[in-house]
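Visitor: Here the protein sequences come in this chain order: A and B.
For the first sequence, this note's numbering gives the first residue as 1, with consecutive numbering after it.
For the second sequence, this note's numbering gives the first residue as 1, with consecutive numbering after it.
These are computed hints drawn from the structure, not numbers from a lab.
Check each hint, because a few of them may be wrong.
In this list, chains with the same sequence are indistinguishable; a pair is considered to hold if it fits within one copy or across any two.
Claimed, not checked - Listed next, the in silico PhoX-like pairs over lysine-lysine satisfying Cα-Cα at most 25 Å (straight line): (1) K44 to K224; (2) K207 to K22; (3) K224 to K22.
There are 2 protein chains.
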Amino acid sequence: MEAVANNIDSISKLISDREFEKLGEIFMHMGAREVVYIIDHLTKEERLELLSQLPSEVAAEIMEEIPMVQASEIISDITAEDAAAIITEMQSDDKADLILDLDDIDAEAIFEVLGDQEEKSLRKLISYEPDTAGGLMITEFISVDSKLTARQAKDYLRTNSDLFHNYSIRHLYIINKNKNLVGVVQLIDLILAKPDDQVGNIALPAKSYHYNTPLEKLLGFFEKYDFIGVPVIDDEERLIGVAMRRDILEADAERVAMEHLETQGIVGGDEIRSMPTLLRAKRRLSWLSVNVLLNILAASIIAFYQDTLSSVIALAVFLPIISDMSGCSGNQAVAVSMRELSIGTVRPSEVLRVWIQEVRVGLINGLVLGLLIALAGWLWKSNIYFGLVAGGALMINTVIAVSIGGTVPLLLKKYDIDPALASGPILTTITDMCGFFLALSFAAAMMSHLSGI
Amino acid sequence: MEAVANNIDSISKLISDREFEKLGEIFMHMGAREVVYIIDHLTKEERLELLSQLPSEVAAEIMEEIPMVQASEIISDITAEDAAAIITEMQSDDKADLILDLDDIDAEAIFEVLGDQEEKSLRKLISYEPDTAGGLMITEFISVDSKLTARQAKDYLRTNSDLFHNYSIRHLYIINKNKNLVGVVQLIDLILAKPDDQVGNIALPAKSYHYNTPLEKLLGFFEKYDFIGVPVIDDEERLIGVAMRRDILEADAERVAMEHLETQGIVGGDEIRSMPTLLRAKRRLSWLSVNVLLNILAASIIAFYQDTLSSVIALAVFLPIISDMSGCSGNQAVAVSMRELSIGTVRPSEVLRVWIQEVRVGLINGLVLGLLIALAGWLWKSNIYFGLVAGGALMINTVIAVSIGGTVPLLLKKYDIDPALASGPILTTITDMCGFFLALSFAAAMMSHLSGI
Chain A
1 MEAVANNIDS ISKLISDREF EKLGEIFMHM GAREVVYIID HLTKEERLEL LSQLPSEVAA
61 EIMEEIPMVQ ASEIISDITA EDAAAIITEM QSDDKADLIL DLDDIDAEAI FEVLGDQEEK
121 SLRKLISYEP DTAGGLMITE FISVDSKLTA RQAKDYLRTN SDLFHNYSIR HLYIINKNKN
181 LVGVVQLIDL ILAKPDDQVG NIALPAKSYH YNTPLEKLLG FFEKYDFIGV PVIDDEERLI
241 GVAMRRDILE ADAERVAMEH LETQGIVGGD EIRSMPTLLR AKRRLSWLSV NVLLNILAAS
301 IIAFYQDTLS SVIALAVFLP IISDMSGCSG NQAVAVSMRE LSIGTVRPSE VLRVWIQEVR
361 VGLINGLVLG LLIALAGWLW KSNIYFGLVA GGALMINTVI AVSIGGTVPL LLKKYDIDPA
421 LASGPILTTI TDMCGFFLAL SFAAAMMSHL SGI
Chain B
1 MEAVANNIDS ISKLISDREF EKLGEIFMHM GAREVVYIID HLTKEERLEL LSQLPSEVAA
61 EIMEEIPMVQ ASEIISDITA EDAAAIITEM QSDDKADLIL DLDDIDAEAI FEVLGDQEEK
121 SLRKLISYEP DTAGGLMITE FISVDSKLTA RQAKDYLRTN SDLFHNYSIR HLYIINKNKN
181 LVGVVQLIDL ILAKPDDQVG NIALPAKSYH YNTPLEKLLG FFEKYDFIGV PVIDDEERLI
241 GVAMRRDILE ADAERVAMEH LETQGIVGGD EIRSMPTLLR AKRRLSWLSV NVLLNILAAS
301 IIAFYQDTLS SVIALAVFLP IISDMSGCSG NQAVAVSMRE LSIGTVRPSE VLRVWIQEVR
361 VGLINGLVLG LLIALAGWLW KSNIYFGLVA GGALMINTVI AVSIGGTVPL LLKKYDIDPA
421 LASGPILTTI TDMCGFFLAL SFAAAMMSHL SGI
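Bound conformation, chain A alone (with noise of 0.2 Å):
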């Protein structure tokens, strides 16, 4: 930790001294992580200068490596200069996303001092949805005609192979004169293929897809073929990029990621503590505010039973673990119908199914926490009756939040709303509401035999 500590130091040092050269340097030759860390750890200040005065190779390279959410934070704060250089270096894909996180206005002033054939294409990239074929694919391919030779196709290869140097090249794309795909030519059988064999014919035939093919399908491609990337078309079926398998991979970890914040109320994206405080509580409470009035709902039953309370105040007790228990048990539910749906083993219209299988493992884990539950009410009030009041709430009560945890997901799905942001608090709802009113109804018409506990 020493060791870095002093970087961030030497780096700021480096910044103030202006040694721009020096720290392209630094950057170009730093891990992925330490660019990461540095970079959140300087000031907004030192960040700004540092980004606007790299070289814009470097810059770019910095912007792919660190989270999205800082990325736009700094473009949409240097000059639309500045910005413009940065993102022409970037790569197809990623200059897209950044683009699409800016406000419309950041975007207008890049695309003003951007080359009218740079703003065209990236108006164009942008155009796509995200997490689709053509969001997440990259344009710096190489396609050459199937009339040419092997031996033509590697001239042509080495003449532009300045051109190239950006590219990883690792296939040939073989198209007819109208553009369209026939099919794609692996190095090795370059390497392989006689000098006069024409590339159309060493071509194996290769998979495409539409532009609009959605994220899930594509990782369900690489899964099963070993391919690093697969063809994009447009409608008129031409070649308009490759998806790589490093693209869709990562697009899918971050879908994890991002799902996953949602889950514990982290929403609208990543939060970097580095934000400024006022944001991020902003963020936070636009969560936690629907979530206290959803709780204020839930416990207003034990409100309407303050009676009973009065007359059972041990009960007190028990309302927050039956509270929090189903929680826990309908939270397992939740985050195995998620990763189901994530795998592919379930489907959202399996709603029968999935209902049963929970109900099945509700009942089995109900009956062991509610005689632990009622156990302890037993042990501690000497009353039977106490016990299986607090017991009885809490193990049919488990079979209700796994019901609801287990469903709700594919329900959501199946009607297209955000299942990682409105399962939990529809969980919590429902299932505070039913355990406080089972345990309160419970002891009610038990209550000639709870007195005097």
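Following the hints, position chain B against chain A.
Guide: The following block gives chain B in isolation, referenced to the frame of chain A:
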């Protein structure tokens, strides 16, 4: 959905008709998500019948696609001979993972029937730690001696193309006579090289990692460099494998997904609902039973203040709200810490920095939530002191909750305890205890102002 239901029925039919050749064809060309879905939805008997009768290369591919927990269940239920045949066809990293997931007895039975050579290399593979370069690498790579010319290297590829047809060849790894890695030749450079160039001379210097390198470090490497794989070396710096980008990204996505499941109380890996009910119940209970004890511990605070509570029974409505809302605030802080640890903007040693940043947000959010609850209490009971007791307790407890939620994951990580597993229970137990104590002791102190509500 219709189409898929039909599909499962027709697959079942083909299995009972023993049409395994046809089934092999079907599964070879089925998308990965569909494979996952269908295997999950077959009965256990059908699954075993199918996997033991399919051509082993098709079965191996299915094994690589379905969840690990299902794959290892299948492998332990079919004969060791069938299992060995399938495992032999799997990629080196996948087969090692699978063997590691088996009981020792099942694993030894499979080793028995494997060939000597295959057994030796598999035992070597499973000796590497999971989530290290050795545990993640594949051993299917091509290395050639640095003294070979480009022409000889091409001839070597041509002569051995049969041998390599299962490899995804993207590089040649160049070694010296001691098998030390000299560098890497990209296929594009082999194409562009003059026939008499020695491959040692056209090789690019290559970064390599010792087999003990952790996943995190490899991930940083691939975030930085657009390579497909990185060579892995042993203690004598001999080339022993290649850690592929795809496998590193997948291992990380898996880590994130498992972390999320653990946070939500699903421990010990994936739960697939087609697993036996008793097993699912037992695994969920292992987590719930710890939580119920912690819950009883926390709620016992209420029991101590039973007299106070019976004088101000209305406070019983607010205790679950304070408990739930503190949990929400604390969980947000846990999620941000886990995410920052994962992307690298925070390090486990920065407890103080995180604590300060959490307290800032906690003060704002505690104030807002506390005022809201105070207002609700005041309006309900027309007693401002009652509102102050409930709101004040929630306000202070919010600061406590984010302090614990933000710092506990760092501390656990620092002492090498799994933060995903332990953060939640630690958080809720402490915040519940503090919340109940604050509300009830405030009420006790203000009792003279609270009578008669």
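Visitor: May I ask which of the numbered hints given earlier this structure violates, with the numbers listed in increasing order?
Guide: none
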